[in-house]
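Visitor: Next come the chains, spelled out residue by residue.
There are 2 protein chains.
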Amino acid sequence: MESSVVVCCLVILISIITPGSWGAKSRHFRWEVEYMHWSPDGMEGVVMGINGQFPGPTIRARAGDTIHVELTNKLHTEGAVIHWHGIRQLGTPWADGTASISQCAINPGETFVYRFKVDKAGTYFYHGHYGMQRSAGLYGSLIVDVREGDEEPFEYDDEFNILLSDWWHKGSHEQEVDLSSNPFRWIGEPQTLLINGRGQYNCSLAPQLSHSPASLQCKLRGSEQYAPQLLRVRPHKTYRLRIASSTALASLNLAIGNHKMTVVEADGNYVHPFAVENIDVYSGESYSVLFTTDQDPSNNYWISVSVRGREPKTPPALTILNYRPTPASKLPESPPPVAPAWNDYKYSVALSKKVLALKGGSTPKPPARPDRRIVLLNTQNFIDGYTKWAINNVSLVLPATPYLGSIRYGLTRAFDQKPPPDDFGREYEIMKPAGNQNSSYGNGVYRLRFNTTVDVVLQNANALKANVSEIHPWHLHGHDFWVLGYGEGKFAEEDEGRFNLENPPFKNTAVVFPYGWTAVRFVADNPGVWAFHCHIEPHLHMGMGVVFAEGVRRIKNIPGEALGCGLTGKLLMKKKNGTTGI
Amino acid sequence: MESSVVVCCLVILISIITPGSWGAKSRHFRWEVEYMHWSPDGMEGVVMGINGQFPGPTIRARAGDTIHVELTNKLHTEGAVIHWHGIRQLGTPWADGTASISQCAINPGETFVYRFKVDKAGTYFYHGHYGMQRSAGLYGSLIVDVREGDEEPFEYDDEFNILLSDWWHKGSHEQEVDLSSNPFRWIGEPQTLLINGRGQYNCSLAPQLSHSPASLQCKLRGSEQYAPQLLRVRPHKTYRLRIASSTALASLNLAIGNHKMTVVEADGNYVHPFAVENIDVYSGESYSVLFTTDQDPSNNYWISVSVRGREPKTPPALTILNYRPTPASKLPESPPPVAPAWNDYKYSVALSKKVLALKGGSTPKPPARPDRRIVLLNTQNFIDGYTKWAINNVSLVLPATPYLGSIRYGLTRAFDQKPPPDDFGREYEIMKPAGNQNSSYGNGVYRLRFNTTVDVVLQNANALKANVSEIHPWHLHGHDFWVLGYGEGKFAEEDEGRFNLENPPFKNTAVVFPYGWTAVRFVADNPGVWAFHCHIEPHLHMGMGVVFAEGVRRIKNIPGEALGCGLTGKLLMKKKNGTTGI
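These protein sequence lines are chains A and B, in that order.
Note that this note's numbering has the first sequence beginning at 13, numbered continuously upward.
Note that this note's numbering has the second sequence beginning at 13, numbered continuously upward.
Hints listed in this document are in silico derivations from the structure and should not be mistaken for laboratory results.
Fair warning: there could be bad hints in the mix.
Said to hold, decoys possible - In silico SDA-like pairs for lysine to any residue, Cα to Cα no more than 25 Å straight-line:
1. Lys-86(A) <-> Gly-397(B)
2. Lys-582(A) <-> Asn-569(B)
3. Lys-182(B) <-> Asn-194(A)
4. Lys-182(B) <-> Pro-550(A)
5. Lys-182(A) <-> Ser-192(B)
Claimed, not checked - If the Cβ cut is set under 8 Å, some of the chain B residues that face chain A in the computed set are:
6. His-49
7. Thr-89
8. Gly-121
9. Glu-122
10. His-185
11. Ser-193
12. Pro-411
13. Gly-572
14. Cys-577
15. Gly-578
16. Lys-582
Said to hold, decoys possible - Among chain A residues calculated to face chain B with C-beta under 7 Å, some are:
17. Val-58
18. His-88
19. Thr-89
20. Glu-90
21. Gly-91
22. Asn-119
23. Gly-121
24. Tyr-142
25. Glu-186
26. Glu-188
27. Val-189
28. Ala-412
29. Gly-576
30. Cys-577
31. Gly-581
32. Met-585
Virtual Cβ for every residue (Gly too), placed ideally from N, Cα, C.
Using the sequences and the accompanying hints, generate a full structural model.
Guide: And the structure:
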């Protein structure tokens with residue numbers, strides 16, 4: 013029965029595991045999305061939870077498994093979708109969970125089944141991809157282990173999983189109104205950074221942290237929604253720490269006091285191991301690091317997460333690495349590790365450049381040359397007085413009909429058919445505010461020839477204000493890309509000669525640094541329509557994204573449930589009746 | 013073009029008038045619904061506006077005209093609908109604007125055309141009917157004048173229109189979460205009462221108003237969003253004051269200092285004129301009163317709107333009757349009129365009983381006896397620990413598929429087919445909290461035989477707490493009903509003998525007083541599915557409503573756009589393809 017009467021039933025996370033082919037399993041989940049009161053940082057607010065949990069339940073599977081999530085929207089008036097960040101959705105482009113792109117938002121009271129294969133081991137997460145529902149707290153972890161019998165190319169005794177996010181006391185609905193207003197209102201820096209949905213606003217775990225505005229030592233029983241999850245370890249062991257960032261805005265840096273880390277995975281791909289004191293994690297990225305508990309076991313140690321790339325007005329998120337059997341209540345003797353200066357971009361660039369594909373690993377080599385190059389200049393602009401981000405002077409607005417349907421069925425009225433430009437005027441001076449700051453809206457799509465190799469050069473520039481250029485972590489749906497290089501200033505033809513074609517890392521998110529460029533390459537071999545956008549939620553809301561369509565005619569069996577809105581909905585109804593009246 | 017790119021265009025309220033049959037006109041409006049920053053009472057919040065206005069634009073038409081409203085949803089993630097309160101939607105049940113009942117909510121970016129005839133002159137309004145979007149500010153006035161050449165049965169020189177509402181500083185989304193939580197959180201009394209969307213929170217127009225918590229005299233330029241609209245009059249004239257209440261909660265009383273009023277219209281029907289010092293206006297009701305400017309023209313006079321039926325924690329809303337040429341800035345010499353005590357229900361009952369059909373007017377007489385009687389007991393209950401309202405022990409939950417479609421096409425899985433009971437256990441003690449306070453959810457529908465006469469007896473009772481019984485103004489969609497009588501205590505068979513069959517008023521909203529009953533009669537002659545519910549928005553949100561279905565098989569040509577969700581959406585797509593995959 014489809015009616016809403018079932019709300020009286022117990023909400024259960026069912027996790028039935030049924031055997032599949034080649035030892036792979038089907039894993040079934042039944043989720044309900046709803047708003048609930050929650051105290052992520054000790055101040056009560058409203059979060060978007062799943063089955064009463066915030067963050068949502070962690071999905072754990074093995075490579076090759078098929079995930080089935082029956083998602084029921086229990087919101088009162090809002091649609092909802094969930095994007096499975098880092099999962100390429102091979103053969104299931106309608107399950108990518110991007111409203112207006114891969115599907116219609118699920119209406120209140122309705123259920124949509126996400127069914128997709130997790131083909132590759134790694135650290136992933138999922139999150140809302142409609143309006144600013146990620147900012148509202150709709151996210152959780154998705155961990156894929158290697159296939160039964162397979163082994164990771166590194167060893168560890170146990171593991172932890174950390175999902176990072178940022179939190180505002182102003183609700184995401186009001187943030188949306190602020191960002192869409194004229195005069196523009198920026199959302200400002202987050203009040204709190206969260207580790208697995210937990211942070212502290214009115215108190216601090218580390219009172220000696222002098223630059224923290226929270227002056228009080230937290231008095232916690234541990235059962236509070238905002239009490240930190242401690243990492244309990246035994247001496248002389250090696251641990252894998254999985255880290256993913258679902259932040260709406262903040263670029264972060266994570267460090268473990270007194271412990272070095274070895275980076276071994278990025279965005280679901282193995283990387284050549286390298287040691288770090290601390291690691292930058294941008295929104296949309298995930299990493300695995302190994303660390304060994306080789307320090308004095310009678311002490312505990314801080315794990316600290318700090319803001320990078322924006323002048324930090326948010327205190328670091330903290331939790332404790334607790335050496336058993338030392339009591340968890342014993343505060344670390346050393347102060348929390350101090351992150352590199354927020355604007356030390358050289359440090360960040362150097363760190364990003366260390367991320368390289370694992371030698372002899374499974375990451376394929378990139379094709380030697382691209383079939384097409386798209387250069388995407390990001391600028392901050394005005395449209396009719398509204399403040400927007402634009403890509404090659406087009407600010408993305410998503411249409412009411414999902415592209416997957418409108419392109420598949422040739423509904424040319426569904427969106428602006430004019431293709432957006434492949435480059436910007438090369439005379440554009442990226443170091444200065446634009447001469448003409450006016451832009452225009454567009455919902456055009458880059459149509460990529462199937463199976464061709466595409467280079468995208470992300471070109472950063474000055475924002476509206478002089479001497480401001482921001483970090484933008486760009487995330488590609490449906491693919492991993494090779495990160496071929498980072499450069500300063502304006503990308504030039506000769507920069508191509510310095511691309512790393514030897515061991516570029518395979519990632520789904522790459523950052524473009526202030527006043528710099530970043531070049532990525534991918535093969536358009538996954539039939540579907542895929543978002544490529546800045547993973548900073550307010551930036552995407554302000555238009556900072558593009559859409560790639562490839563091999564769409566090859567797509568068969570799109571579930572009707574994915575397309576029952578906009579012109580695809582009308583098309584389906586019209587075809588039946590000859591008219592839309594029934 | 014259907015794409016969202018049109019957001020760049022100027023938002024214009026178009027009002028093209030084209031001639032129709034019999035001198036009637038088609039009036040066209042293009043509206044966009046969106047959230048915006050606004051200061052209804054001097055404290056900035058977010059309201060749901062139409063074309064940048066709050067309240068939404070006033071529609072003015074003549075009886076017999078056809079209204080076309082092209083409503084585009086510019087919200088980011090929320091659906092929207094608009095209900096045309098008091099318009100019976102004869103022949104257009106899909107245009108009633110009730111989500112889950114008459115249509116699917118309009119998705120973000122989509123447009124739905126409301127096309128309906130306003131067949132009867134009167135004072136009406138419109139408002140959101142999805143979640144608590146009425147509380148968010150989605151409302152406006154709809155005024156229907158008599159047909160060209162026709163005359164009202166009373167005379168006046170000019171007129172004013174007042175739409176009353178109540179306002180909370182907590183946003184409606186958070187109110188929804190509060191009301192849906194366990195433990196339950198009540199929304200409390202409104203911060204401010206609004207007259208045409210304007211009220212004063214941190215200051216008062218009348219500092220002498222000692223029981224006002226606002227201690228400061230307002231300093232207003234008049235251009236503020238919260239500055240009152242003054243009623244500018246000339247001496248020795250007669251004015252028609254149209255009053256409608258879209259409050260989410262508050263029952264109100266309106267008075268004009270030193271001026272008597274004569275009530276001439278209620279809910280779009282003429283009533284037998286009667287004089288009052290002040291008038292109760294319940295949520296969902298509308299009235300027209302006449303007053304004559306026969307007072308000292310060198311003074312101004314307060315118009316005051318106060319809370320009835322709940323212990324008032326909200327100061328009265330005030331504006332000024334400004335006798336020209338007396339300066340508007342001259343404060344009235346007499347203090348604002350004082351409303352009857354909030355709990356003087358005798359006064360309220362007496363006033364309600366004065367509302368009778370105009371002798372010799374157009375209001376038809378009721379059929380002599382009903383074909384069916386439905387007694388609806390309202391109780392406050394718990395369901396799985398959640399606090400709800402229930403009718404005959406069923407708390408209304410609306411299904412994902414609109415009833416109009418699911419009943420028309422026999423989709424029995426769309427909702428609980430068990431009909432709700434026509435009466436409650438007659439031994440139920442209405443003066444006490446219920447013995448068993450547990451209830452259950454339901455979305456059942458009362459199916460009424462077409463063209464039969466139905467009596468509904470609204471039976472009030474004690475709420476969860478001892479000695480608490482509240483006012484509930486019940487509103488019926490698709491019909492006017494005759495109000496046959498009000499009684500105290502439990503309705504008994506012999507009460508029928510005292511029904512007023514002579515000159516009962518024709519209304520669409522009738523209040524049931526604490527511990528009392530109210531009997532209404534209507535003819536089920538309008539094919540459609542119609543909500544009948546408490547017009548207090550949080551009460552409806554908590555389940556206080558029922559649904560009447562009548563003559564549904566006679567309905568032809570439901571626009572597909574109204575049904576493209578839930579099982580009707582699936583049905584239409586399935587029929588085309590044989591499967592839901594395409």
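Visitor: Each hint needs a verdict: does it hold in this structure or not?
Guide: Right, here's what the structure says about each hint:
{"no.": "1", "hint": "Lys-86(A) <-> Gly-397(B)", "verdict": "holds (18 Å)"}
{"no.": "2", "hint": "Lys-582(A) <-> Asn-569(B)", "verdict": "holds (15 Å)"}
{"no.": "3", "hint": "Lys-182(B) <-> Asn-194(A)", "verdict": "holds (23 Å)"}
{"no.": "4", "hint": "Lys-182(B) <-> Pro-550(A)", "verdict": "holds (23 Å)"}
{"no.": "5", "hint": "Lys-182(A) <-> Ser-192(B)", "verdict": "holds (21 Å)"}
{"no.": "6", "hint": "His-49", "verdict": "holds (6 Å)"}
{"no.": "7", "hint": "Thr-89", "verdict": "holds (4 Å)"}
{"no.": "8", "hint": "Gly-121", "verdict": "holds (3 Å)"}
{"no.": "9", "hint": "Glu-122", "verdict": "holds (5 Å)"}
{"no.": "10", "hint": "His-185", "verdict": "holds (6 Å)"}
{"no.": "11", "hint": "Ser-193", "verdict": "holds (6 Å)"}
{"no.": "12", "hint": "Pro-411", "verdict": "holds (4 Å)"}
{"no.": "13", "hint": "Gly-572", "verdict": "holds (4 Å)"}
{"no.": "14", "hint": "Cys-577", "verdict": "holds (5 Å)"}
{"no.": "15", "hint": "Gly-578", "verdict": "holds (6 Å)"}
{"no.": "16", "hint": "Lys-582", "verdict": "holds (7 Å)"}
{"no.": "17", "hint": "Val-58", "verdict": "holds (5 Å)"}
{"no.": "18", "hint": "His-88", "verdict": "holds (4 Å)"}
{"no.": "19", "hint": "Thr-89", "verdict": "holds (4 Å)"}
{"no.": "20", "hint": "Glu-90", "verdict": "holds (5 Å)"}
{"no.": "21", "hint": "Gly-91", "verdict": "holds (6 Å)"}
{"no.": "22", "hint": "Asn-119", "verdict": "holds (5 Å)"}
{"no.": "23", "hint": "Gly-121", "verdict": "holds (3 Å)"}
{"no.": "24", "hint": "Tyr-142", "verdict": "holds (5 Å)"}
{"no.": "25", "hint": "Glu-186", "verdict": "holds (6 Å)"}
{"no.": "26", "hint": "Glu-188", "verdict": "holds (5 Å)"}
{"no.": "27", "hint": "Val-189", "verdict": "holds (5 Å)"}
{"no.": "28", "hint": "Ala-412", "verdict": "holds (3 Å)"}
{"no.": "29", "hint": "Gly-576", "verdict": "holds (4 Å)"}
{"no.": "30", "hint": "Cys-577", "verdict": "holds (5 Å)"}
{"no.": "31", "hint": "Gly-581", "verdict": "holds (4 Å)"}
{"no.": "32", "hint": "Met-585", "verdict": "holds (4 Å)"}
The structure shown violates none of the earlier numbered hints.
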